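Q: Below are the chains, spelled out letter by letter.
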Amino acid sequence: GAVVSQHPSRVICKSGTSVKIECRSLDFQATTMFWYRQFPKKSLMLMATSNEGSKATYEQGVEKDKFLINHASLTLSTLTVTSAHPEDSSFYICSASRPQGASYEQYFGPGTRLTVT
Amino acid sequence: GENVEQHPSTLSVQEGDSAVIKCTYSDSASNYFPWYKQELGKGPQLIIDIRSNVGEKKDQRIAVTLNKTAKHFSLHITETQPEDSAVYFCAPRGGKLIFGQGTELSVKP
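Residue numbers (this note's numbering), protein chains in the order written: chain V, 91 to 207; chain R, 3 to 111.
Calculated from the structure, these hints are not laboratory results. None of the values given here were measured: they were computed from a predicted structure. Don't take each hint at face value.
Claimed, not checked - Heads up, incomplete: computed chain V residues facing chain R, CB under 10 Å, no partners named:
#, residue
1, V94
2, F124
3, K132
Just so you know, even glycine gets a beta-carbon here, dropped at the ideal spot from N, CA and C.
This is chain V alone, in the form it adopts within the complex (with noise of 0.2 Å):
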């Protein structure tokens, strides 16, 4: 399978600060990123998605100018979590699609726990 890389794997930053989580594919172009958003015990919650060169399509629901969402290369997504509050606390997941014949098949990451204190 394709490999989607994720980084950090883990961060703490406190309350009113900015952090960054990349999301690389390792051995494909990703014509889309997604990224997610996991709580625990619960499903994968859909947060945007990203196509090469233009901008993100948001899910309801979910702020734009708090998830900041670049996807400047076929092969890097960068996903802002600006101003961070404990809330914001999470598993955040991205995948990356690869276009296979007549679907599109997705790959995860391995995701990038936040902690805001």
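Put chain R on the given structure of chain V with help from the hints.
A: For chain R alone, coordinates are given in the frame of chain V:
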């Protein structure tokens, strides 16, 4: 919007037994049906998928069956092993993946 339901939410089996998890979806436009395995503290891993023009797919101990008419697909794991213990998610896709609530599988040695 799309509604995805996964059953059961928890499943406990003895090592060597089979496990079946069912996923029901509402979007008739769904054309891609993956199953993901997520271990604690890690991202989901694609374990098997099926497309809408196929009714069944098997990969060693894992199989997926699809009933498009009834809008459900199932994950079958045979000869379960303790390392199969994890949370499993279905995520049927029409326009985007919609994740089920997850099934926590526990395989007891």
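Q: Does each hint hold? Answer for all of them.
A: Going through the hints against the structure:
1. V94: holds (8 Å)
2. F124: holds (8 Å)
3. K132: holds (8 Å)
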